[in-house]
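Asks: Here's the letter readout for the chains.
Protein chains: 2
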Amino acid sequence: MREFHTTSLADQVFDKLENDIITGVYPKGEILTELKLVEQLGVSRTPIREALRRLEQERLIAESGKGSVVLGITEEDLEDIMNIREHIEGLASYYAAVNMTPDGLKELEHIMDLQEFYFSKHDLEHMRQIDDKFHDLICQLSKRTVINDTLVPLHRKTQRYRKKSMENDQRLVNMIAEHRNIFNAIAAGDAALAESLTAQHIRNAKLNMLERLKNNG
Amino acid sequence: MREFHTTSLADQVFDKLENDIITGVYPKGEILTELKLVEQLGVSRTPIREALRRLEQERLIAESGKGSVVLGITEEDLEDIMNIREHIEGLASYYAAVNMTPDGLKELEHIMDLQEFYFSKHDLEHMRQIDDKFHDLICQLSKRTVINDTLVPLHRKTQRYRKKSMENDQRLVNMIAEHRNIFNAIAAGDAALAESLTAQHIRNAKLNMLERLKNNG
DNA sequence: ATGCGTATAATTGTATACATTAATCCAAAA
DNA sequence: TTTTGGATTAATGTATACAATTATACGCAT
Numbered sequence: 001m002r003e004f005h006t007t008s009l010a011d012q013v014f015d016k017l018e019n020d021i022i023t024g025v026y027p028k029g030e031i032l033t034e035l036k037l038v039e040q041l042g043v044s045r046t047p048i049r050e051a052l053r054r055l056e057q058e059r060l061i062a063e064s065g066k067g068s069v070v071l072g073i074t075e076e077d078l079e080d081i082m083n084i085r086e087h088i089e090g091l092a093s094y095y096a097a098v099n100m101t102p103d104g105l106k107e108l109e110h111i112m113d114l115q116e117f118y119f120s121k122h123d124l125e126h127m128r129q130i131d132d133k134f135h136d137l138i139c140q141l142s143k144r145t146v147i148n149d150t151l152v153p154l155h156r157k158t159q160r161y162r163k164k165s166m167e168n169d170q171r172l173v174n175m176i177a178e179h180r181n182i183f184n185a186i187a188a189g190d191a192a193l194a195e196s197l198t199a200q201h202i203r204n205a206k207l208n209m210l211e212r213l214k215n216n217g
Numbered sequence: 001m002r003e004f005h006t007t008s009l010a011d012q013v014f015d016k017l018e019n020d021i022i023t024g025v026y027p028k029g030e031i032l033t034e035l036k037l038v039e040q041l042g043v044s045r046t047p048i049r050e051a052l053r054r055l056e057q058e059r060l061i062a063e064s065g066k067g068s069v070v071l072g073i074t075e076e077d078l079e080d081i082m083n084i085r086e087h088i089e090g091l092a093s094y095y096a097a098v099n100m101t102p103d104g105l106k107e108l109e110h111i112m113d114l115q116e117f118y119f120s121k122h123d124l125e126h127m128r129q130i131d132d133k134f135h136d137l138i139c140q141l142s143k144r145t146v147i148n149d150t151l152v153p154l155h156r157k158t159q160r161y162r163k164k165s166m167e168n169d170q171r172l173v174n175m176i177a178e179h180r181n182i183f184n185a186i187a188a189g190d191a192a193l194a195e196s197l198t199a200q201h202i203r204n205a206k207l208n209m210l211e212r213l214k215n216n217g
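Going down the list, the sequences are from chains A and B.
Quick note on numbering: the first sequence equals residues 1 to 217 in the working numbering.
Quick note on numbering: the second sequence equals residues 1 to 217 in the working numbering.
Bear in mind the hints are in silico, worked out from the structure with no lab data behind them.
Warning: the hint list may mix true and false statements.
Facing chain A, a subset of chain B residues (Cβ under 7 Å, in silico) [said to hold, decoys possible]:
1) ASP77
2) HIS87
3) ILE88
4) THR150
In this text, a Cβ means the ideal position worked out from N, Cα and C, and glycines have one as well.
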């Protein structure tokens with residue numbers, strides 16, 4: 001018998017709020033109070049509180065005396081995030097190559113195709129989502145819980161700033177090529193190559209992001 | 001006017017449960033149900049639920065159909081934790097050296113003294129706590145939120161296995177010496193040295209832990 | 001014996017009332 | 001004008017009742 005597993009209200013509220021923060025519906029500095037969210041979302045405080053606490057733990061919001069304030073990330077944060085990813089994300093690709101399954105490979109290939117599709121449409125919003133999905137999926141397919149749990153929150157935090165770094169058309173072309181190379185290494189089961197290509201890929205992304213950040217002030 | 005800020009029941013419950021899991025009061029596999037905890041702790045389900053959700057996010061427990069099950073960590077987890085720490089913990093020491101304050105230095109020095117005091121008493125339980133405190137404090141004093149948030153959960157997860165690695169007396173002596181060297185580098189403001197000493201320290205700890213784990217089966 | 005289905009019990013999910021705490025505002029005094 | 005005190009308001013913290021779900025036990029048919 002198939003199990004239904006309706007997602008709980010708390011999960012739905014969390015997903016919605018996380019997405020709204022990432023996409024800028026609630027910009028940095030916005031104050032979220034439980035009561036306002038009760039009105040807006042039409043559910044009771046209980047699931048809302050649970051969602052807020054999870055967002056708090058991910059450092060997307062923080063208590064501020066009066067309600068929860070939506071946090072931004074500083075240049076220092078971004079620097080640290082990319083430095084950590086530069087050191088760790090290669091491990092994810094390494095184990096993804098080691099533990100890959102046919103199903104996982106198919107999933108990953110689908111991402112590769114979508115990324116080229118959205119690029120041909122110049123759809124930056126979906127490009128951002130797909131880029132994130134690519135890196136999240138590799139973490140997941142690595143089958144290494146600790147690595148996944150360490151990296152995924154960092155991916156979440158950079159999402160808001162990813163779109164800006166995608167306005168550079170040349171970087172987009174390079175990104176797609178780098179993803180493709182990483183995919184090929186994983187598909188070939190060459191863990192060491194996947195690892196070093198990934199580290200280099202993050203390094204490139206970091207340089208591009210920080211440069212953009214400096215130029216935009 | 002001084003602010004009081006009594007910690008909430010939810011915080012207290014979280015701290016207690018986290019500590020009980022870390023110290024083995026609730027061993028791996030133990031099932032925690034909200035109702036049992038209500039009886040044991042004498043508070044309502046609301047703060048208990050909040051605490052459980054936070055423990056879940058730290059991967060110390062997981063939902064299991066019937067209640068929440070206390071998770072252990074596998075050898076793979078331990079390997080990943082120490083590999084990640086090996087790559088990142090140096091950054092924490094680096095920034096701790098850069099951003100150090102007199103007060104912070106005093107705090108850190110106090111830890112150094114306590115560690116030698118407890119060693120002279122052969123008090124392994126406190127040694128474990130102090131070791132953890134040392135690394136947590138450096139993360140905190142680095143003033144780099146992302147680095148702190150990335151490392152602290154990893155420290156929590158290894159606590160349970162730290163005591164075992166402290167049964168090696170020679171390792172304890174080395175550990176104290178390594179901590180002292182890291183402290184001196186930070187106090188001297190030599191960020192690069194603090195970073196490399198820390199990386200080496202974690203490498204040593206990793207080797208010792210994995211070896212112990214193999215020997216004990 | 002074994003598998004199936006239903007009744008029952010146990011557990012979590014949600015809403016809400018009440019308690020407590022913290023922020024705000026305004027009036028009065030320095 | 002600034003500050004201070006307290007009343008008021010608004011927010012979160014906590015407990016609890018009720019709903020929905022899931023596990024379990026048991027009887028029945030095969």
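Asks: State for each hint whether it applies.
Replies: Do the hints match the structure? See the list:
1. ASP77: For ASP77/B, the interface hint holds, since the closest Cβ of chain A sits about 5 Å away, which is under 7 Å.
2. HIS87: With Cβ-Cβ at 4 Å, under 7 Å, it holds.
3. ILE88: holds (6 Å)
4. THR150: holds (6 Å)
In terms of the numbered hints stated before, the structure departs from none.
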